[in-house]
Amino acid sequence: MSENILKELCNRVLSLFKQTESKEENAKEVACNRLRVVLMQDRTNLTPELLQRMRRELVELLSKYVEMDKDALELNFDQEGDQMALMLSIPVIRAKDEAEIEEALKTEEVDNETEDEEDSDSEEEISEENFEEDEASEEEVNEEIIEKNDENLQEDEATEENK
Amino acid sequence: MTGRVIVITSGKGGVGKTTTNANIGTALARAGNKVVMIDTDLGLRNLDLLLGLENRIVYTIVDVVEERCKLKQALVKDKKNPNLCLLAAAQTRDKTAVTEEQLKEICDKLKKDFDFILVDCPAGIEQGFQNAVAGATEAIVVTTPEMSAVRDADRIIGLLEAKEEIKSYKLLLNRVRPNLIKSNDMMSVEDVVEILSAELIGIIPEDTGIITSTNKGEPIVNDEKSLAGTAYRNVAKRIMGEEVPFIDLEEATSVVAKVKKFFSNLIGKEK
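Protein chains in written order, with the numbering used here: chain F, 1 to 163; chain X, 164 to 434.
What the hints contain is simulated information worked out from the structure, not anything from laboratory work.
Among the hints, erroneous ones may be present.
Quick partial rundown of chain X residues pointing at chain F, CB under 8 Å, derived from the structure [to be verified]: (1) Arg318; (2) Leu322; (3) Met349; (4) Ile358.
Once the Cα atoms are required to be at most 20 Å apart in a straight line, the calculated EDC-like pairs of lysine to aspartate or glutamate come out as [to be verified]: (5) X/Lys345 to F/Glu29; (6) F/Lys28 to X/Glu413; (7) X/Lys326 to F/Asp42; (8) X/Lys345 to X/Asp370; (9) F/Lys106 to F/Glu67; (10) F/Lys28 to X/Asp348; (11) F/Lys28 to X/Glu357; (12) F/Lys28 to X/Glu309; (13) X/Lys243 to X/Asp278; (14) X/Lys175 to F/Asp42; (15) F/Lys28 to X/Glu353.
Virtual Cβ for every residue (Gly too), placed ideally from N, Cα, C.
Hey, can you work out the whole structure from these sequences and the hints?
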């Protein structure tokens with residue numbers, strides 16, 4: 001019993017020291033880190049919510065092609081001289097094989113079809129989903145672009161088949 | 164003669180823009196340059212006080228713009244240094260009394276007669292800032308190692324970068340406290356430079372001498388023994404193109420250095 005009490009007392013005293021120490025050490029670090037976050041927002045007009053959303057969408061997009069450690073994804077803005085760079089670092093756990101990638105793309109198409117049954121063209125819906133919160137006019141423009149891309153793709157496929 | 168027009172700005176108020184202006188101007192003039200300082204802080208003028216010239220002002224920049232006097236009549240000569248002049252701001256008017264074009268015109272005229280035109284910019288990023296920057300081709304961004312000052316400096320740097328006329332801007336870190344940096348309680352010079360990724364032109368230590376020198380209306384660069392004064396004189400040298408190493412403030416403010424200074428003062432020999 002007495003041993004336990006002693007141990008606890010010892011730990012408490014130690015933790016007290018640790019706390020005060022780390023506080024003193026951190027004042028400058030805290031300032032630097034807070035400033036970096038604030039300046040990133042000031043420079044890019046990206047709020048924390050938007051950054052979070054960007055992160056989420058990137059994970060969604062990339063995990064179709066590779067299996068990665070989603071929680072370890074790092075998204076930072078780096079200032080290199082006059083140029084600002086978006087640095088994305090994701091630990092890849094494993095490369096997906098062709099079949100898996102195809103399946104991921106297929107299930108996505110199916111998902112989109114079930115989500116929105118009014119439209120038959122599945123490619124269109126991907127764009128709709130991504131720009132859900134944008135204005136209608138922008139959506140239309142995006143759809144148009146993607147439609148055009150589709151046409152090009154189909155043409156390419158056709159020429160390939162001919163060969 | 165084509166003088167260089169340098170605007171001294173900061174975004175945040177109270178970081179030492181006007182003090183910097185008075186000291187760099189005085190140091191440049193002491194080094195033999197013809198210098199004119201323009202106070203563009205209309206309605207809140209203070210540069211005259213820091214130079215001890217408040218009783219000599221007859222005409223202001225607004226009088227020049229509204230053609231109540233000639234430009235040369237409005238230039239107030241410094242008490243000690245005939246190379247140094249001040250074009251004072253009007254205390255009774257607001258920022259709209261002078262336009263960007265008018266300030267540019269004044270700077271262009273002064274360029275012919277002076278080596279350096281230092282423009283003291285008001286705090287903020289509104290019209291007062293736009294006016295002050297209008298005639299300048301170089302800028303000194305004053306900041307302190309505090310979060311709010313660094314954030315505002317970042318804003319100002321962004322605005323300066325967008326201005327075609329501003330060919331270069333440099334950072335002046337004011338009110339640096341080596342003992343707080345040593346104990347990790349304050350951002351270091353390196354931290355601020357890295358965060359703002361700007362070139363440094365001066366590191367000025369926090370110095371109680373600044374308060375007394377302001378009270379006397381005598382820029383601290385005139386005090387040969389002052390550390391802040393030396394730091395400001397070094398800034399002036401760097402502006403003139405000389406390569407001067409930055410003072411190691413931690414070493415200069417250490418106990419050993421203070422004891423040395425005490426004894427050298429006792430003996431009476433100049434360091």
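### Query
When you check the alpha-carbon spacing of F/Lys28 and X/Glu413, does it fall within 20 Å?
holds, 17 Å
### Task
Measure nothing beyond the straight line between the CA atoms of F/Lys28 and X/Glu357; if it is 20 Å or shorter, mark the hint as holding.
Given that 20 Å is the threshold and the Cα spacing comes to 14 Å, the pair holds.
### Task
Measure nothing beyond the straight line between the CA atoms of F/Lys28 and X/Glu353; if it is 20 Å or shorter, mark the hint as holding.
holds, 12 Å
### Query
Does the structure keep X/Lys175 and F/Asp42 at a Cα separation of 20 Å or less?
holds, 15 Å
### Query
CA of X/Lys243 to CA of X/Asp278, is that 20 Å or under?
Distance of about 18 Å is within 20 Å: holds.
#### Entry: Distance restraint between F/Lys28 and X/Glu309, which requires alpha-carbon spacing of 20 Å or less
Measuring from Cα to Cα gives roughly 10 Å; hence the hint holds.
### Query
Holds or violated: is the Cβ of X/Arg318 closer than 8 Å to a Cβ in chain F?
With a closest approach of 7 Å, the X/Arg318 hint holds.
### Message
Is the interface hint satisfied for X/Ile358? The criterion is a beta-carbon contact with chain F at less than 8 Å.
### Response
X/Ile358 check passes; min Cβ-Cβ to chain F is 6 Å, inside 8 Å.
### Message
Holds or violated: X/Lys345 and F/Glu29, Cα atoms, limit 20 Å.
### Response
With a Cα-Cα distance of about 13 Å, the restraint between X/Lys345 and F/Glu29 holds, given a limit of 20 Å.
#### Entry: Pairwise hint evaluation, X/Asp348 against F/Lys28, where the allowed Cα distance is 20 Å at most
holds, 5 Å
### Task
Hold the hint about X/Met349 up to the distance rule: shortest CB distance to chain F must be less than 8 Å.
Holds, because the Cβ-Cβ distance from X/Met349 to chain F comes to roughly 6 Å (cut-off 8 Å).
#### Entry: F/Lys106 paired with F/Glu67 [C-alpha distance capped at 20 Å]
OK: F/Lys106 and F/Glu67 at ~17 Å, within 20 Å.
Hint check: a violation occurs at hint 2 only; the rest are consistent with the structure.
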